[in-house]
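Just so we're aligned, residue 75 is where the sequence shown starts under this note's numbering, counting upward by one.
If you are wondering where the hints come from, they were derived from the structure by calculation, not from laboratory data. Any given hint could turn out to be false.
What the hints assert, rightly or not - Derived DSBU-like pairs (lysine-lysine); straight-line CA-CA distance at most 35 Å:
id : residue 1 : residue 2
1  : Lys161    : Lys144
2  : Lys144    : Lys158
3  : Lys82     : Lys161
4  : Lys161    : Lys116
5  : Lys158    : Lys82
6  : Lys144    : Lys76
7  : Lys144    : Lys82
8  : Lys76     : Lys161
9  : Lys186    : Lys116
Unchecked claim - Between beta-carbon pairs, the in silico distance windows are:
id : residue 1 : residue 2 : range
10 : Glu143    : Leu102    : 15 to 21 Å
11 : Asn86     : Gly127    : 22 to 28 Å
12 : Ile88     : Gly166    : 18 to 24 Å
13 : Val184    : Ile88     : 26 to 32 Å
14 : Ile180    : Thr159    : 42 to 48 Å
15 : Val148    : Leu115    : 42 to 48 Å
Beta carbons: idealized from backbone N, C-alpha and C, even for Gly.
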Amino acid sequence: MKFLQSFKHAGNGILLFFLHERNGQVQLVAALGAIGMGWFLKVSVTEWILITGCITAVLSLEMLNTAIEKLSDVVIPGFHDGIKTVKDIAAGSVLLSAAASLVTGILIFVPKILKLL
75 MKFLQSFKHA GNGILLFFLH ERNGQVQLVA ALGAIGMGWF LKVSVTEWIL ITGCITAVLS
135 LEMLNTAIEK LSDVVIPGFH DGIKTVKDIA AGSVLLSAAA SLVTGILIFV PKILKLL
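Please model the entire structure based on the sequences and the hints provided.
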């Protein structure tokens, strides 16, 4: 029973993230766009694996970043140099994965789009 409860809590966390976090909503739209492009351009299985990995990495890191920010704000409300460093590093991880995902998307989608033109 505890095992099933953990899925319920995790699902609730995902739902809360997408319902209440602007960055989550923006990234969800981007993920759906990438999925739509992949479907339209008929990407290969290997390309789907890369696209899925990129989407998962960006969304997971954004969720962790959001959790770190919310926890930090509860533990130490207001400005604190140490908390700022923690938040900046967490945000940097999202930026790094998003940049790598953008490059991956360009490498996969641009050649296929150029072939259509």
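Hints, verified against the model:
For the hint linking Lys161 to Lys144, the alpha-carbon distance of about 10 Å falls within 35 Å, and the restraint holds. With a C-alpha separation of about 12 Å, the suggested pairing of Lys144 with Lys158 holds against the 35 Å cut-off. This hinted pair checks out: Lys82 and Lys161 have alpha carbons roughly 28 Å apart, not beyond 35 Å. Using a Cα cut-off of 35 Å, the hinted pair Lys161 and Lys116 is violated, with the two alpha carbons roughly 38 Å apart.
Of the pairs offered as hints, the one joining Lys158 and Lys82 holds, with about 32 Å between alpha carbons and a cut-off of 35 Å not exceeded. A hinted pair counts as satisfied when its Cα atoms are at most 35 Å apart, and Lys144 with Lys76 qualifies at roughly 25 Å. Pair hint Lys144 plus Lys82 holds up; C-alpha atoms about 21 Å apart against a cutoff of 35 Å. Note on Lys76 and Lys161: the hinted pairing holds, with a Cα-Cα distance of about 32 Å set against a maximum of 35 Å.
Between the alpha carbons of Lys186 and Lys116 the distance comes to roughly 9 Å, so the proposed pair stays at or under 35 Å and holds. Checked against the hint of 15 to 21 Å, the C-beta distance between Glu143 and Leu102 comes to roughly 18 Å, which is consistent with it. Checked against the hint of 22 to 28 Å, the pair Asn86 and Gly127 passes, with Cβ atoms roughly 25 Å apart. Range check, Ile88 to Gly166: Cβ separation about 23 Å, and the 18 to 24 Å hint holds.
Separated by about 31 Å at the C-beta atoms, Val184 and Ile88 satisfy the suggested range of 26 to 32 Å. Taken as a hint, the range 42 to 48 Å is violated for the pair Ile180 and Thr159, whose Cβ atoms sit roughly 32 Å apart. Between Val148 and Leu115 the beta carbons are some 44 Å apart, a value that agrees with the proposed interval 42 to 48 Å.
Consistency with the previously given hints fails for numbers 4 and 14, ordered from lowest to highest.
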